[in-house]
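Q: Below are the chains, spelled out letter by letter.
Protein chains: 8
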Amino acid sequence: MIFENNDHIVFAGDSVTDAGSAGEASVPMFDNLGHGYVRHIDSLLAACYPERCIRVTNAGISGHTTRELLARFDRDVMSQKPDWVSICIGINDVWRQFDVPAIHEYQVMPEEYEKNLEEMIEKAKNGTKGVFVLSPYYIEPNPADRMRARMDEYVEICRRLAEKHGCVFIDLQKLFADYCGYRHSSYLAWDRIHPNQVGAALVAREFLSRCGFDYNH
Amino acid sequence: MIFENNDHIVFAGDSVTDAGSAGEASVPMFDNLGHGYVRHIDSLLAACYPERCIRVTNAGISGHTTRELLARFDRDVMSQKPDWVSICIGINDVWRQFDVPAIHEYQVMPEEYEKNLEEMIEKAKNGTKGVFVLSPYYIEPNPADRMRARMDEYVEICRRLAEKHGCVFIDLQKLFADYCGYRHSSYLAWDRIHPNQVGAALVAREFLSRCGFDYNH
Amino acid sequence: MIFENNDHIVFAGDSVTDAGSAGEASVPMFDNLGHGYVRHIDSLLAACYPERCIRVTNAGISGHTTRELLARFDRDVMSQKPDWVSICIGINDVWRQFDVPAIHEYQVMPEEYEKNLEEMIEKAKNGTKGVFVLSPYYIEPNPADRMRARMDEYVEICRRLAEKHGCVFIDLQKLFADYCGYRHSSYLAWDRIHPNQVGAALVAREFLSRCGFDYNH
Amino acid sequence: MIFENNDHIVFAGDSVTDAGSAGEASVPMFDNLGHGYVRHIDSLLAACYPERCIRVTNAGISGHTTRELLARFDRDVMSQKPDWVSICIGINDVWRQFDVPAIHEYQVMPEEYEKNLEEMIEKAKNGTKGVFVLSPYYIEPNPADRMRARMDEYVEICRRLAEKHGCVFIDLQKLFADYCGYRHSSYLAWDRIHPNQVGAALVAREFLSRCGFDYNH
Amino acid sequence: MIFENNDHIVFAGDSVTDAGSAGEASVPMFDNLGHGYVRHIDSLLAACYPERCIRVTNAGISGHTTRELLARFDRDVMSQKPDWVSICIGINDVWRQFDVPAIHEYQVMPEEYEKNLEEMIEKAKNGTKGVFVLSPYYIEPNPADRMRARMDEYVEICRRLAEKHGCVFIDLQKLFADYCGYRHSSYLAWDRIHPNQVGAALVAREFLSRCGFDYNH
Amino acid sequence: MIFENNDHIVFAGDSVTDAGSAGEASVPMFDNLGHGYVRHIDSLLAACYPERCIRVTNAGISGHTTRELLARFDRDVMSQKPDWVSICIGINDVWRQFDVPAIHEYQVMPEEYEKNLEEMIEKAKNGTKGVFVLSPYYIEPNPADRMRARMDEYVEICRRLAEKHGCVFIDLQKLFADYCGYRHSSYLAWDRIHPNQVGAALVAREFLSRCGFDYNH
Amino acid sequence: MIFENNDHIVFAGDSVTDAGSAGEASVPMFDNLGHGYVRHIDSLLAACYPERCIRVTNAGISGHTTRELLARFDRDVMSQKPDWVSICIGINDVWRQFDVPAIHEYQVMPEEYEKNLEEMIEKAKNGTKGVFVLSPYYIEPNPADRMRARMDEYVEICRRLAEKHGCVFIDLQKLFADYCGYRHSSYLAWDRIHPNQVGAALVAREFLSRCGFDYNH
Amino acid sequence: MIFENNDHIVFAGDSVTDAGSAGEASVPMFDNLGHGYVRHIDSLLAACYPERCIRVTNAGISGHTTRELLARFDRDVMSQKPDWVSICIGINDVWRQFDVPAIHEYQVMPEEYEKNLEEMIEKAKNGTKGVFVLSPYYIEPNPADRMRARMDEYVEICRRLAEKHGCVFIDLQKLFADYCGYRHSSYLAWDRIHPNQVGAALVAREFLSRCGFDYNH
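Residue numbers (this note's numbering), protein chains in the order written: chain L, 21 to 237; chain B, 21 to 237; chain W, 21 to 237; chain Y, 21 to 237; chain Z, 21 to 237; chain E, 21 to 237; chain U, 21 to 237; chain P, 21 to 237.
Just so you know, these hints were derived from the structure itself, not from any lab. Careful: at least some of the hints might be erroneous.
Unchecked claim - What follows is a set of in silico ranges between Cβ atoms, one per label pair, in the way DEER data are often shown: (1) W/K194 x B/M129: 55 to 63 Å; (2) E/K184 x Y/E71: 38 to 46 Å; (3) Z/N146 x E/D198: 49 to 57 Å.
Remember, predicted model here, so these are calculated numbers, not experimental data. Glycine included, every Cβ here is placed at the ideal spot set by N, Cα and C.
Using the sequences and the accompanying hints, generate a full structural model.
A: Quick look at the structure:
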């Protein structure tokens, strides 16, 4: 597995990452990791690799777009001295274009999204062992849905930047779309955004599958 | 307008009808009408037709399927001595097939749905001036979506029974699908089920349009 | 209808405008528009004119007189870059003269009221497409009631200033007095000030009737 | 003063009597007398006549009409073995005709009001030293107001029954109307029904003035 | 009566004065006068003298000694521009000597008490029509009780300063001791300090008796 | 020490015994022993005699007089199969005669007190190793105080019955009166009834001094 | 994997199983599965085997011993018509012997434990595809600890009964003891009983390893 | 006894000292001493030595290590002008090495622990009559437990520094280990750290035994 003893992984993101963690950059003490995919990853790493002392920090905040995350990236992410950084951001950049279409200042357009994300990736690469880029997504299997189609543009920006900067790219849009082949989206998330525990387990499994993780280790 | 002085309209249904009303059969006193389409209809009738004293009662309860609504139909609806009855039920009958697919006893299949609904319509016709049947819906414009497709089966049952029994049929599925031509579903309801105030205004307008209501009366 | 695509309307006022909106200048996201006439107007515009993307902001704060509203008018109203401004203020200026007659610093006399209101109208006209002036009111049909009589003086100031500055004047005092021909004031508001949902629907209908709004659009 | 040592006075009524007392028939222990006129009467009797041990019980319940009060009169009033009974009821009998005009079962018409009240007076006279009948009221000085005019009919029923049965009649309608010669009704009660502490002091003074009470005793 | 139209009386003190009022210097709006003797005085003045518009402000704060009251006297009392000032302070100065005898910095000794009180009286006399000095007290009829005896020293300081400065002196210690001739102290206050509503009515009556107040005015 | 291995002591009483314990007959698990003298006794027995497994149960309920305690004595005390029973009751029997003098049914007169207490002692003696009778008290050092004097009558009844039935009599009245030689009563209890932690420690020490308890065991 | 399409697994137990689930027999809807090992198992089954519709029910209740679980076994477990039953019980049977040693009726001795558990196993085998017996445990690696030693007796009873009745036996005591070779017990559970999310992941992995589960399925 | 009249003892520490006290440096008024060993010591001193007026202050804060306590030592401890200082710190310095092994900045290693503690002892000796050093502990009787073994290193540092500086050393580790000879650790503290009331009584007795305290004084 790619994570070595004492490695520190910081997960940056929005409410999907946050998932009820207590504060901005939360530690795995007293339930501060939230109850989303970050918690699942921490639990599985600790359960399956007890001989390694891997540290996980949750740096997600609900409602954030790339604009807010960028503004706090140094304080909440890089100041934690991470060995690995995971970035999962963009859902709110797109969502606000559809649920409050009249409020333009809440929305982040593709050019700004790309600029913000690239700035964060560059910061994250600096002095770390690796960067994960988790795509935004909409748990909507129909590619003709307008918000899904818009989200796909942002997913492509993610993919492009991840490749350009040598990051691990994780396509959560595809992950969820594939799962919708078996179950309806309402099984995972009533609002098609915030996954329940099954969805969190799915994201964690996808993430860990890219890290050489062995469940039966 | 079809409603005459002192007419009493009782709205039966699930959480879409309930929308936070205090109890089972709620009266328009002390905010007991909830904040959904029932409240909108009451407000518009009272604002535009002050010379008529029309009474509105909310008999919706969150989470109910046709099974639960039928069980309480005499107590909560018919005992209110309505002049008009509106029935909007079936969303949960379908939803449970998709969000908790393993729990079969929570789901209501089409045959039972038809039987339950017809029994309620027959009760509702007895001694009243008219019955409204509001279709269940899923605010999903894609007809290929599995839950939308399943919902369409129930909408058709509604339409068929309404015609058979001479009820006013209101196709909320079509109403919302049409609106999605302008705005994304997330603008009306994050979970594609519970409409916000805009959605409630839409349902109220559709309902009133079938009653000879004149906004500028 | 006079509102065009992407127009932004800001409603300034006191608790009648505020009606439970979360903060000072609230947006139509996450129920921040309150539950009064502003919400009704937003819902009806969005329901009936989905092809236009009209933005509504609630800038009411409970308890405010013209003195407090003027002090925050730049921050809460004009900084929102409105295309249209609606001002409904003065109830508390008068009410405090009757419910706490001994506390003079809580009351706003006619001259100051006129000065404050005119200053706000002048700010509001600057760079916008139009200004609405909604009169204060007391849901009291008896013109001999002392508080009603006093309120009438303020209504006249409103009317005069609206005409002088070419604003749309909406006489809420008359609207409610007319309605009291059909129902007792306690039907609309126990305290004869804060309208329930029926009263909010009345105000919204009156407002929209001056905007070329068509309910059956 | 007419109250002798160890006399027990029970006050029956609605929310005006209740005024936040803890339960149905409340005792002057642990703040169970509410904070309305009953509390004022108890405090003044105890402060000015410490040598007499007069017991006061609050038997008011919010929202009650004569119909509900009659139903519990034996349990809550007569079972307390009162020496004196005070009855103040009827506001809700009338109010419901105006604030929820469509809900007929919430309203009590004059004939039923008279019958209910007389039945209570007859019970109250049985074995006691005296009965007080406090009229219902609406703090509205305009006799042409429809709810005020309707209330006046009920006040007259009160007066007539009090005289017929030799009760002390206290005309609260006149008391408040007179006070409105000095201050606007909103000074006493925003809803013109529930008096604030000033109104409670007024009612207590009127009551005590009929009992030979001397403030400087 | 000594209070003229528009007179403003400010009551300074500790928890006995405060009695649950909302803030530091509270006005008679929205229940901000607390529920102690200040409220009783306001209610009786307004009920009995409606033709005069007398303003009452509660400037009591729970737990304060003369030290804290002096520190805020300009801000909370004199800045209110009172016509009359009432000062009732000293209970906590003494009480802390008995309930937390080891914490010397919580206690105020007689010399400091005298100095603090005199400084407040001098401020209060400046530009006002009169000053009331209400003595501290302990509802303990036994003069040999150590805390009662200590309190008596402070009462005498009060009396001496009131006479020296021409203030109205009101001896609450004597008032309560006399009342204990009729009822046990636990009838008025379980802790022998905070009077219930009967005790508040007693203090109000004593205060008003020194002002030419006529209950039957 | 008189308590042997596995002995079970049940403490019956009112709020002084109860002191916040969760239910009627509480066990020393999960903080169910309250925070009064019962908890102190349990903690000291367990800390000083760990080799004995002594069980303590709190059977106090706030507000109870002998009348209520007798009614539940079998259910709450004897059904616990105690080896030792401690009874501390009577404070409320007396207190109600002074704080609510007009409510006679809340008070328990000496004859009934004696009858109730004796009945409980007889039950308690049946099959147990011993019975403790803790006197009621009023933390008032002045024997001329009327409530103290009345309490002394009840203390004497306690003493007499304890002697008659061979119970251990513990004179809490004397204990607190002696302590008041050093500190004022307000140091122990603001209401002279409910002791703080110091008072609880005092009662516990007095109780244990009668049991052969050695703190340095 | 041994679980087939539509299989229903019911998990019976105490607080370790319960882990905050809403009611007695909880379903995987609206977060009713708690947040312990049952939730982990459900999430992993659903994430990794979406093609199978496996139903999981949580029938744990905090604080229960075998005595309470047996009393509700028919109602909460068997009436759910399970295909598989998992039983994890006994921790409280032992714990009460150590944290409340004096309260014998809270404790369950080995003979009764064995009898209760066997009765449940026999019920569980009836008509199901299989029964899992999860041992009780104490996350204490020192076998000389008295509570650990006592727990080991119960673990052996479990093992013996599981073998006798052909159940799958899962030795949680050994699982946790092994993990303590890597991390201190306080890392998993401050009280050595209630596992955190890492501990829940450990139990889930152990359970699934006995079911032919493949994480990379 | 070593404490003289008016002596002031300040107890510095972490959650074991704090035990729910209201603020940082709490006084024995209004339950501010918490409910741990500090409260027990205060209660016993006041109950047994009423003739001396000894003051106790709780300066514990939950979660603190020596690092945080040192940072606030001047403000919270020395500024209180203590005659005696008690320091009980170090549990969290060690615990964090085991419950969050990956978060190194939360842990305090032996060298820093020694430096911090010595700095506090030197401050505490300055101008006081004496300093108590209470060792950290883990209520774990097995010396081979890794956290217990680590704690023992810190206990030894305590002992060494106490001797070097002439402080009273109190070995809480030995106290609890001895008690575990009679009862299991779960009887005193489920997490083996925070003692219940029995544990608090044990600590208080040990502390007082070093002060010449006589329970039967």
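Q: Hint by hint, note whether the structure agrees.
A: Against the structure, the hints come out as follows:
no.: 1; hint: W/K194 x B/M129: 55 to 63 Å; result: holds (57 Å)
no.: 2; hint: E/K184 x Y/E71: 38 to 46 Å; result: holds (40 Å)
no.: 3; hint: Z/N146 x E/D198: 49 to 57 Å; result: holds (52 Å)
Comparing the model with each earlier hint shows no violations; every hint is respected.
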